[in-house]
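Chemist: So the protein sequences, as listed, match chains Z and D. Sequential numbering from 1 applies to the first sequence in my numbering. Sequential numbering from 1001 applies to the second sequence in my numbering.
By construction, these hints were calculated from the structure, which means they are not laboratory data. Worth double-checking, as some hints may not be accurate.
Unchecked claim - Calculated lysine-lysine pairs in the DSS-like style (CA-CA distance at most 30 Å, straight line):
(1) 472(Z) with 1101(D)
(2) 469(Z) with 1101(D)
(3) 378(Z) with 407(Z)
(4) 1020(D) with 472(Z)
(5) 19(Z) with 407(Z)
(6) 200(Z) with 87(Z)
(7) 176(Z) with 205(Z)
(8) 87(Z) with 176(Z)
(9) 378(Z) with 1101(D)
(10) 41(Z) with 407(Z)
Claimed, not checked - Facing chain D, a subset of chain Z residues (Cβ under 7 Å, in silico):
(11) 330
(12) 419
(13) 449
(14) 453
Claimed, not checked - Computed footprint of chain D on chain Z, listed as stretches where at least three residues anywhere in the stretch have a Cβ under 8 Å from a Cβ of chain D:
(15) 14 to 20
(16) 170 to 182
(17) 369 to 383
(18) 403 to 416
(19) 454 to 464
The beta-carbon is built from N, C-alpha and C at its ideal position, and this holds for glycine as well.
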Amino acid sequence: MSVRVGHAAQAPEFPIAAKELVANSQLRRNVRRATDVIQAKRARVVGERPDWQQLRESARQIKQHTLENLDHYLERFEEACTRAGGKVHWARDADEANRIIVGLVQGYGEDEVIKVKTMTSDEICLNPALEAAGITPYETDLADLIVQLGEDRPSHIVVPALHRNRLEIREIFMRKMGLENLGFEPTDLTTAARQYLREKFLRVKVGISGANFAVAETGSICVVESEGNGRMCLSLPRVLISLIGIEKIVPTFQDLEVFLQLLPRSATGERMNPYNSIWTGVTPGDGPEEFHVVLLDNGRTSVLADADTRQTLACIRCGACLNTCPVYRQTGGHAYGSVYGGPIGAILTPQLQSMEHSRSLPYASSLCGACYEVCPVKINIPEVLIQLRARVVREGHSPFSERMAMKGAAFALGDEGRLSLAHALARIAQVPFRHGDHLGGLPGMLGHWTEFRDLPAVPQESFRQWWEKRGKDGPQ
Amino acid sequence: MLISLFIACYNDVLFPQTGKAVVTVLERLGHTVEFRPAQTCCGQMHYNSGYHAEALPLLRRFVETYRDAEVICCPSSSCVSMIREHYPRLARDSGDPALQKEVDAVIGRVYEFSELLVDRLGVTDVGAFYPHTVTFHTSCHALRSLHVGDKPLQLLRAVRGLTLVELPMADQCCGFGGTFAVKNPDVSAAMLSEKIHCIVETRAEVCSGGDNSCLLHIGGGLGRQRTGVQTVHLAEILASTGPAPTGAEGGKA
Chain Z
1 MSVRVGHAAQ
11 APEFPIAAKE
21 LVANSQLRRN
31 VRRATDVIQA
41 KRARVVGERP
51 DWQQLRESAR
61 QIKQHTLENL
71 DHYLERFEEA
81 CTRAGGKVHW
91 ARDADEANRI
101 IVGLVQGYGE
111 DEVIKVKTMT
121 SDEICLNPAL
131 EAAGITPYET
141 DLADLIVQLG
151 EDRPSHIVVP
161 ALHRNRLEIR
171 EIFMRKMGLE
181 NLGFEPTDLT
191 TAARQYLREK
201 FLRVKVGISG
211 ANFAVAETGS
221 ICVVESEGNG
231 RMCLSLPRVL
241 ISLIGIEKIV
251 PTFQDLEVFL
261 QLLPRSATGE
271 RMNPYNSIWT
281 GVTPGDGPEE
291 FHVVLLDNGR
301 TSVLADADTR
311 QTLACIRCGA
321 CLNTCPVYRQ
331 TGGHAYGSVY
341 GGPIGAILTP
351 QLQSMEHSRS
361 LPYASSLCGA
371 CYEVCPVKIN
381 IPEVLIQLRA
391 RVVREGHSPF
401 SERMAMKGAA
411 FALGDEGRLS
421 LAHALARIAQ
431 VPFRHGDHLG
441 GLPGMLGHWT
451 EFRDLPAVPQ
461 ESFRQWWEKR
471 GKDGPQ
Chain D
1001 MLISLFIACY
1011 NDVLFPQTGK
1021 AVVTVLERLG
1031 HTVEFRPAQT
1041 CCGQMHYNSG
1051 YHAEALPLLR
1061 RFVETYRDAE
1071 VICCPSSSCV
1081 SMIREHYPRL
1091 ARDSGDPALQ
1101 KEVDAVIGRV
1111 YEFSELLVDR
1121 LGVTDVGAFY
1131 PHTVTFHTSC
1141 HALRSLHVGD
1151 KPLQLLRAVR
1161 GLTLVELPMA
1171 DQCCGFGGTF
1181 AVKNPDVSAA
1191 MLSEKIHCIV
1201 ETRAEVCSGG
1211 DNSCLLHIGG
1221 GLGRQRTGVQ
1231 TVHLAEILAS
1241 TGPAPTGAEG
1251 GKA
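Chain D extracted, bound-state conformation (with noise of 0.2 Å):
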């Protein structure tokens, strides 16, 4: 299957481990996997904050690439839940009933990883061995808009000599919220407090997730407190065949 990447603009500049980490597992699936140098951004960070004006171009641009893709596939829940949520409304808003058309056309196309993985190309073993223990953070885009419920961590236990444990107060938000983490400093800290207190909790070296943006707010408080607990993204641990200490680079805390 040809698979079309779209990776996020802070994952294509932030992270591009995690690119490079679904590039590997859909290969080595025995996929064709293509990126279009045309895709920049989803316009979430706009559109969630209100300048939906300024995200109206970002939508055209994403339709405009990926028009005639079979099957999209995008590491980062957030920016799928913009697509299949707000895409049709902004469209609308836009007046323009073509790019609706368009949008209503290509939403059904776009999957996050692990629903490409275990809805459309029905694996959960993905040969991947990581030794490590690892506790997971479920975005409240995958948990409450994409209802992944229970597939990252279908995949990470196929995982070989991974030892999976459990993320108390899994359902609470980390505290990221996009623009949220800066217009709201306090707030959000102690939010991320909380959810550091349940992740060094369970005593797990790995705290994975779907979505590099709670993980980057929950890597820079596991850092900043110097916890000693990373955070990688669950594609980068289905990479991994090796004994590498954390798969791929980076996301070290």
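Just chain Z, with the same shape it has in the complex (with noise of 0.2 Å):
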């Protein structure tokens, strides 16, 4: 087995790839004000729906019935997609679906390919695997293509060039597109990406795409965006391959209408999508003559087998919960080292990827439940975490330092005589660090504190000696 998320395995700890993020100006500028105006946004839609709590529950029970019945319903997908003329391949890990999705396009005999609304290519890095194969991904989605054409990793599963401006996207357009000269605009901008990409679309015979939902009664896939490039990539392709994980499955058509009122103004703070496209199978005359669609486990199924944190393969990806998060807020996608970052990758990455390589994540959160407050699918991400963090805990990959501290400070708080001689102990110890009525400088963990922070220094007396004292005294 090869599960892969993107390049996670490689990452650097959160808190070190966060230090050299948060040091960077502009790109908390850019995510402050991106993050703002998506959060604002979706506040008033969300506000507008009276049932909007009842919304919510129902797309959680939806889930979790479907992940609890996952086996039947992706059978029944496979035989309704198969049954409207679609193929479905599934594929095990990320190495197997790439194996997969290369075979196809070789085999109709092409060497490029367009694009769309597929983080989970990113998750097995799709592209380049078809690269390596000589095959030429174009990705057609802006956002994509501007994280593309910059060389970049995306830093937002809704919007994954959140972290660049209009000045920088106009320098990576000018650069990558031989253009000579390019507006300031947002129009200028757009007009730049619709030139460069029309020509792919009526060119390139191979589309490949993800998957927003797939149907399980009727094999239909759905596919939501704003732009009209996914419309474009979905239907002008002669060959159409949609690469889905396993979790993104509902049973009914009608449970879209959940879905479709939950995800859209959770995602970009608007009451529906501009595109939503909807197709089953291939029609003749109509769209893609070959239709492909690859069922990605990846260790989707592992994250299935625990019933603690399987409400983690419940997320339908609408990105609400980075947008709210306080640590994303000041960091942006990239930090979780991950395609999935903020509070769902803090989740989602470490259950796929393996524990070791994912420690810091659990702790990448400082517990304060915007995420499950915000999420349309009620996901309990800090109930989450907090799971997580046992995890790293019991299978020994917390820091040594840590694990000592945590073991002494459980001996102090064992009983009060502890406690009281602790505190007797620390008053001694603070003494080389007290400055008036606070400490600096202090050594170990605690120095983490004191760097960015003051410390009250520990008082003569504490609660309980001053009660102990009343006593004697009576109350005054």
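Combine the two chains into a complex, taking the hints into account.
Modeler: Below, the structure is given as structure tokens:
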């Protein structure tokens, strides 16, 4: 098995990556501005729905039911999709999925593909696999195009180029599209992208897409987007290949009613996406002549096996948890070392990839709970984070010094006598670090505290000492 | 009413003035207050950091200590959140059905300080005088786990002499997050700097809160930057009746 989540295995630990990103003032400005705008739009359109909480609960239940019966619904999907003229392929892991897709493109004798809305392809590193086989992939979603041309990595699951501002994008376009002149306005940039992409839509014979939902009952696939580039990518090529994580299944067509209300409001703050493409197999004379679905596991069944944390797979990739997260707000997505950033990435990546590689991610959260509050499918991200932290500790991936500190603290808090002794020792130990009423320059882990903040000195008398004395003297 | 205090470990050792203030307020309202010296810590730091085996004995200790308490008051939302939100799960994971029953029996009697005053005792005016401009930071646990809403603000609005100013971006985490602050110091500091910016913008003299953990973090930043803004726990403001600059001692930034 070769389960892989992008380049997560080689990524630096979160605090190390974050240290560098936090120092990048342009990136932080870009991320704050973009997430502020999306959050405000989301709040407005969510507020319009008096039944928002019921919608969330419906979505949670549909997802839970589907995940608990996933084998059944996957087979129903395969039957229905095959009946409608699609071909379904099963991929256990990233390598197998890449082999299948490269094999299909080569089988059609093509050396170019256009791609849209497939973060899953970043998860399996499809582009490098295609390039290694002499096939050129062109990203057609505007943000994905910016990331591809910028030789960059996505920093957000809905808005992958969120960390770039207009000037940076203009610079990338001029360099990579060979433009000598380009205006500064958004319309100048979109016009340049349009000219660059139109020619590819009309020429390239194979399209590769992801999916927002796959309907078991009908074998239909649903992709939502804002630009219409997806619609062209899904309808113009002769061959369409859709790469779909197995958790994207919903049982019935009617279930889309719930998700198509929740997703656009949560993701982009729109009541409805400008483009909603739903297709079923192939239709002669209309759209692609050949349609393939690659159903990807890549670690998902092992996530499913853990009852504590399987709710992670309910995610519909709306990105609301990223936009609201105070940690993501400071770092952007790159700190998470994965195509999946933010709170959902912090719980998904360690479960797909091994904990050994991602042990810092479950700790990349202050557990403030804002993510759970906005999640349209009610994934209790803080709870899953805590369970994953327990797994990090259980499997022995936590730092030695931390384990010792935690055991020491547990001992000291074990009874009131030890706590009083610890208090007495702290009062003595603080003397060299004392500056008036606060402490500075503490050693070890506490040094991470005093690097940025003062720490009050430990007072002479604890509450319990005061209470004891008061008992003797009686209440004043 | 007999009210049993739960003074969390860090309040006991680092912020004794908060516990004293809780005693002052509750006794002023005519209640009898008791402190059970056997109490130590709710286990939140261990539990939230993944050390569940180390958290379990602390849960047991809490349950044993407060088994027969009628009303338990804790001036720390995050400890109450630990008890209310995570104790049932931790007890279940222990595989001890008797412990689960005991946890279920005790958690309904645990109140965060502002909850106790407003919900259980039905008071908002506790007879305090505090002639200062104050802004209030609601901790994430108070906001999203306990849903305290505007209870602390109701209490502050009833304080004579006090001018309450609204904190912008009040629902934003201050970046403390327990061990998060030392495991991710750079991100935590970046979050703190936004919070400090918002507090300073209000021109308040004092930033109050219901959790000394957040206030430890915020106060540490306000102090490091020599802003001159102090952090004072809600209980200390409510305990104040005289013209002393910050009510109780300490909390100076």
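Chemist: When you check the alpha-carbon spacing of residue 176(Z) and residue 205(Z), does it fall within 30 Å?
Modeler: holds, 23 Å
Chemist: Quick check on residue 449(Z) please, does its C-beta sit within 7 Å of some C-beta on chain D?
Modeler: holds, 6 Å
Chemist: Taking only the CA atoms, is the gap from residue 200(Z) to residue 87(Z) under or equal to 30 Å?
Modeler: Holds. Residue 200(Z) to residue 87(Z) sits at ~25 Å (cutoff 30 Å).
Chemist: Holds or violated: residue 472(Z) with residue 1101(D), Cα cutoff 30 Å?
Modeler: Roughly 37 Å separates the two Cα atoms, so the pair is violated.
Chemist: Checking hints one by one. Is residue 419(Z) an interface residue toward chain D, by the C-beta closer than 7 Å rule?
Modeler: holds, 5 Å
Chemist: Are the Cα atoms of residue 378(Z) and residue 407(Z) separated by 30 Å or less?
Modeler: violated, 34 Å
Chemist: Regarding the hint that residue 453(Z) lies at the interface with chain D, is the smallest CB-CB distance below 7 Å?
Modeler: Residue 453(Z) check passes; min Cβ-Cβ to chain D is 3 Å, inside 7 Å.
Chemist: Is the listed coverage of the stretch 170 to 182 of chain Z by chain D valid when you require three or more residues with a beta carbon under 8 Å from a beta carbon of that chain?
Modeler: Answer violated; 0 residues pass the 8 Å Cβ test.
Chemist: When I compare C-beta atoms, does the stretch 403 to 416 of chain Z have three or more residues closer than 8 Å to chain D?
Modeler: holds (count 8)
Chemist: Residue count check for the stretch 369 to 383 of chain Z against chain D: does it reach three with CB-CB under 8 Å?
Modeler: holds (count 4)
Chemist: Holds or violated: are the alpha carbons of residue 469(Z) and residue 1101(D) at most 30 Å from each other?
Modeler: violated, 36 Å
Chemist: Mind checking the alpha carbons of residue 41(Z) and residue 407(Z) for me, to see if they're no more than 30 Å apart?
Modeler: Measuring from Cα to Cα gives roughly 46 Å; hence the hint is violated.
Consistency note: the structure conflicts with the earlier hints numbered 1, 2, 3, 8, 10, 16.
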